[in-house]
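Asker: Here are the chains, one letter per residue:
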Amino acid sequence: RKEVEQDPGPFNVPEGATVAFNCTYSNSASQSFFWYRQDCRKEPKLLMSVYSSGNEDGRFTAQLNRASQYISLLIRDSKLSDSATYLCGNAGAGGYNKLIFGAGTRLAVHP
Amino acid sequence: DGGITQSPKYLFRKEGQNVTLSCEQNLNHDAMYWYRQDPGQGLRLIYYSQIVNDFQKGDIAEGYSVSREKKESFPLTVTSAQKNPTAFYLCASSPKRGDPQYFGAGTRLSVL
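Chains as they are written, first to last, in this note's numbering: chain A, 164 to 274; chain B, 971 to 1082.
Computed far set for chain B versus chain A, every beta-carbon distance over 10 Å:
1. Arg983
2. Glu985
3. Gln987
4. Asn996
5. Val1022
6. Ile1030
7. Gly1033
8. Ser1037
9. Thr1056
10. Val1081
Simulated pairs of lysine to any residue, SDA-like, Cα-Cα distance not exceeding 25 Å:
11. A:Lys261 with B:Glu1032
12. B:Lys979 with A:Ser246
13. A:Lys205 with B:Ile1030
14. B:Lys1053 with B:Asp1029
15. A:Lys208 with B:Arg1014
16. B:Lys1041 with B:Lys1066
17. A:Lys165 with B:Gly1028
18. A:Lys242 with A:Glu219
19. A:Lys205 with B:Thr975
20. A:Lys261 with A:Ala230
21. A:Lys261 with B:Ser977
22. A:Lys208 with B:Glu994
23. A:Lys165 with A:Ser215
24. A:Lys261 with B:His999
25. A:Lys205 with B:Asn998
26. B:Lys979 with A:Leu209
27. A:Lys205 with B:Pro1009
28. A:Lys208 with B:Ser992
29. A:Lys261 with B:Ser1035
30. A:Lys205 with B:Arg983
31. A:Lys208 with A:Ser193
32. A:Lys165 with B:Leu1015
33. A:Lys261 with B:Thr990
34. A:Lys205 with B:Ala1001
35. A:Lys261 with B:Glu994
36. A:Lys205 with B:Gly1028
37. A:Lys208 with B:Asp1008
The set of hints was computed from the structure by calculation and includes no laboratory data. Being a predicted model, the structure only gives us computed values, none of them experimental. Beta carbons are placed, not taken as given, at the ideal position from N, Cα and C, and that holds for glycine.
With the hints as extra help, turn the sequences into a complete structure.
Answerer: Below you can see the structure in the form of structure tokens.
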């Protein structure tokens, strides 16, 4: 089993739709969780950190479920500009901040 | 502007050649990382460094080497021992353990 797993997609949704992605992780000692957005042929950019209490930033909401070992990202009112690959990452409890990334979920928002 | 600068943006390597990718940050971050990304795949850790003059192998270090002589700089050398070097190379940095990592714009390496 991979340490971090994501559904590769693509998720094809119309503008205005609500879409959700999950990301499962195998290391129960993981301490930090993040969602990144990566556009085609570009670097990943931090979208948001995921806290135990959840995190909301505008149309984006991230949740952490420790019992089931997954994090989620909800995007409301999808825009064409949301089309990208979304990577999740989590860092363990070791002596350094080693982030383990999933392979990403591709989102395509169409008119 | 504060950030992470990678150069060059594109790089071509001949057979048997060593090439060095540059990564500089002015964010005053202690930790720096090198990742490799192949098409349709996630990021794989090559090397990381938590402090100056110290670095550790990641998951795919074979055929690569690094140095960390200055806090701001973490260059990656792709040696001739790396038989499949074509990939997108990303450098990242983070302030401290538990913080998110921030990425440079990447270097695309191809073999001639």
